[in-house]
Amino acid sequence: MAGTKAYSGWVKTVVLSLLLVLFVFPFLLLLLNSFKENTAITSNPLGLPESFDLANYSKAFDYMNYFGSFFNSLIITVCSVLIISLFAAMTAHYFVRNNTKFSQYTFLMMVASMIIPFQAIMIPLVKIYGSLNMLDNKWSLIYMYLGFGCSLAVFIYHGFVKGVPAELEEAAQIDGCTRTQTFFRIVFPVLAPTTATISILNVLWIWNDYLLPSLVLISPGNRTLPLSTYSFYGTYSVDYGPLMAGLVLTILPIMIVYLFAQKYIIQGVMQGSIK
Amino acid sequence: MNTEKGRWSRLRGGLLFTGPTLFCFLTVMIVPFFYGLYLTFTNWDGISTTQSLVGFDNYLGVFKDAVFWKSFGLTLKYVLFTVILVNAVAFLLAFGLTRGMKGQNIFRAGFFVPNLVGGIVLGLIWQFIFSQVLVYIGTKTGIPFLEASWLSEPGKAFWSLVLVTVWQYAGYMMVIYIAGLMSVPNDILEAASIDGANGWTKLGRITLPLMVPSFVVCIFLTLQRGFMVYDVNLSLTKGGPFKSTEMVSMHVYGKAFLSRDYGLGQAEALVLFLLVTVITLLQVYFSKKLEVEA
Numbered sequence: 001m002a003g004t005k006a007y008s009g010w011v012k013t014v015v016l017s018l019l020l021v022l023f024v025f026p027f028l029l030l031l032l033n034s035f036k037e038n039t040a041i042t043s044n045p046l047g048l049p050e051s052f053d054l055a056n057y058s059k060a061f062d063y064m065n066y067f068g069s070f071f072n073s074l075i076i077t078v079c080s081v082l083i084i085s086l087f088a089a090m091t092a093h094y095f096v097r098n099n100t101k102f103s104q105y106t107f108l109m110m111v112a113s114m115i116i117p118f119q120a121i122m123i124p125l126v127k128i129y130g131s132l133n134m135l136d137n138k139w140s141l142i143y144m145y146l147g148f149g150c151s152l153a154v155f156i157y158h159g160f161v162k163g164v165p166a167e168l169e170e171a172a173q174i175d176g177c178t179r180t181q182t183f184f185r186i187v188f189p190v191l192a193p194t195t196a197t198i199s200i201l202n203v204l205w206i207w208n209d210y211l212l213p214s215l216v217l218i219s220p221g222n223r224t225l226p227l228s229t230y231s232f233y234g235t236y237s238v239d240y241g242p243l244m245a246g247l248v249l250t251i252l253p254i255m256i257v258y259l260f261a262q263k264y265i266i267q268g269v270m271q272g273s274i275k
Numbered sequence: 001m002n003t004e005k006g007r008w009s010r011l012r013g014g015l016l017f018t019g020p021t022l023f024c025f026l027t028v029m030i031v032p033f034f035y036g037l038y039l040t041f042t043n044w045d046g047i048s049t050t051q052s053l054v055g056f057d058n059y060l061g062v063f064k065d066a067v068f069w070k071s072f073g074l075t076l077k078y079v080l081f082t083v084i085l086v087n088a089v090a091f092l093l094a095f096g097l098t099r100g101m102k103g104q105n106i107f108r109a110g111f112f113v114p115n116l117v118g119g120i121v122l123g124l125i126w127q128f129i130f131s132q133v134l135v136y137i138g139t140k141t142g143i144p145f146l147e148a149s150w151l152s153e154p155g156k157a158f159w160s161l162v163l164v165t166v167w168q169y170a171g172y173m174m175v176i177y178i179a180g181l182m183s184v185p186n187d188i189l190e191a192a193s194i195d196g197a198n199g200w201t202k203l204g205r206i207t208l209p210l211m212v213p214s215f216v217v218c219i220f221l222t223l224q225r226g227f228m229v230y231d232v233n234l235s236l237t238k239g240g241p242f243k244s245t246e247m248v249s250m251h252v253y254g255k256a257f258l259s260r261d262y263g264l265g266q267a268e269a270l271v272l273f274l275l276v277t278v279i280t281l282l283q284v285y286f287s288k289k290l291e292v293e294a
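Those protein sequences? They're chains A and B, same order as listed. For what it's worth, UniProt numbering labels the leading residue of the first sequence as 1, then goes sequentially. For what it's worth, UniProt numbering labels the leading residue of the second sequence as 1, then goes sequentially.
Using C-beta positions, here's what the derived DEER-type ranges look like:
#: 1; chain 1: A; residue 1: 50; chain 2: B; residue 2: 291; range: 56 to 64 Å
#: 2; chain 1: B; residue 1: 208; chain 2: A; residue 2: 189; range: 37 to 45 Å
#: 3; chain 1: A; residue 1: 188; chain 2: B; residue 2: 278; range: 34 to 42 Å
#: 4; chain 1: B; residue 1: 92; chain 2: A; residue 2: 28; range: 22 to 30 Å
#: 5; chain 1: A; residue 1: 171; chain 2: B; residue 2: 19; range: 23 to 31 Å
Just so you know, these hints were derived from the structure itself, not from any lab. If you're wondering where the values come from, they're calculated on a predicted model, not measured in any experiment. Just so it is clear, CB atoms sit at the ideal spot from N, CA and C, and this is done for glycine as well.
Next comes chain A alone, as it looks inside the complex (with noise of 0.2 Å):
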């Protein structure tokens, strides 16, 4: 009986790490054939590199615009996320803590908006925002972005802020804080893994995401990584070497992050799926 437990857990190891390896196999790949020159990707895309060149590195790094794009990203992910999480916890507290006709309402439409799809919204977005003038600016972006991020936000703070007792809060306003001070002295800090979970959730999005940026995002400048990607490999489909270090490039940022918060990455997942 001991026996066949543990054969079976043997089994089950080599079969999770096969299908791991299939996993990881495609970013392996990417990796080795970044140093390759073109012709050793084409003639054998399995085969070592000769050497470690760095020379696709800098050819994709200028082509991209890396820094500039980078910085682009950055810029939106890190804004975008912060005024997501503060204006959708402010929110929530106030609908959990005045609890009338209006916050019910209010709550009700957010949660039920959550089920209209991106698609159903770009069109009119873009004549909107393009007639006031308001299109390839990284600002609209971000201000989009908590529009779009907001119900999911609220939604998962509504259900914690409930979790803080009314007391806490009480006890603070006795001492003298005001309302707001309360909730920035109190409450935002007893969110804050609440917080973290949202962060996280939205910044995988955000970063990550292609058709709202390649809406909004007209000119070179602007370009966010997913969209100096693609358009990089517009022009070098054909010349595999840069663009295999290029999308290495966009790759590395994400995976440093998770390297060093892989933990509580996954945990922010696992609490935001429970609703």
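Given the structure of chain A, go ahead and fit chain B onto it with the hints provided.
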């Protein structure tokens, strides 16, 4: 006096706390949504400043647009297979990774990796694998199945897209299933063991019924993402060859922004929205019926 002051400060508090979010929510989601409804009754070409009302012409156009229905049917087929396969693979991975096996955290972290990377990049990586690596293996080993790029044959290109989607999302859904599996109370499972239930009985009678909420969430997410697929579709196949993998989202994009037929494109987007809404509501309704309390 006092109450008036109180009302004013309450109103100010409400504006401060909900104002920015609600204003943004209204101007980014709600106004465009209803304006989009209006657009479906116009013939805006994307350039002229004016447009005229054309009644239900665009909706008639939707029914006449054979390419739209073809891509719609294709999307349904894609959604059907990806929902089943992603969830099956994800559940099996989660099931294998919750019994305290050695290094299970490394496995979990590894399977999740594709979800860190955007669809555009994943599509480009697999484009390289399908058009170079597999063809190389095919010609070296003489396996005819691999000799020509899968992306150049309509039937195989569709399955390539399904394969990449399963690879992309299985790890994400796995994480949700792991959370679900871990919430199944151990004492119930132990009690069942004492009563003589074997592994399969426990899985079928206890674990799966208690996991219904996780299945609801995962199927909801895979349905939504499946219907909306765009990034991977664009960078893996560009809808080709011969539009054989053009999913509905890409078709709507093309109608509006490439053919400059915004009214028709928006009408098609709304038809898509209605169908997705009906399907997801039905799914949630029927799965909620299956839910049990521990």
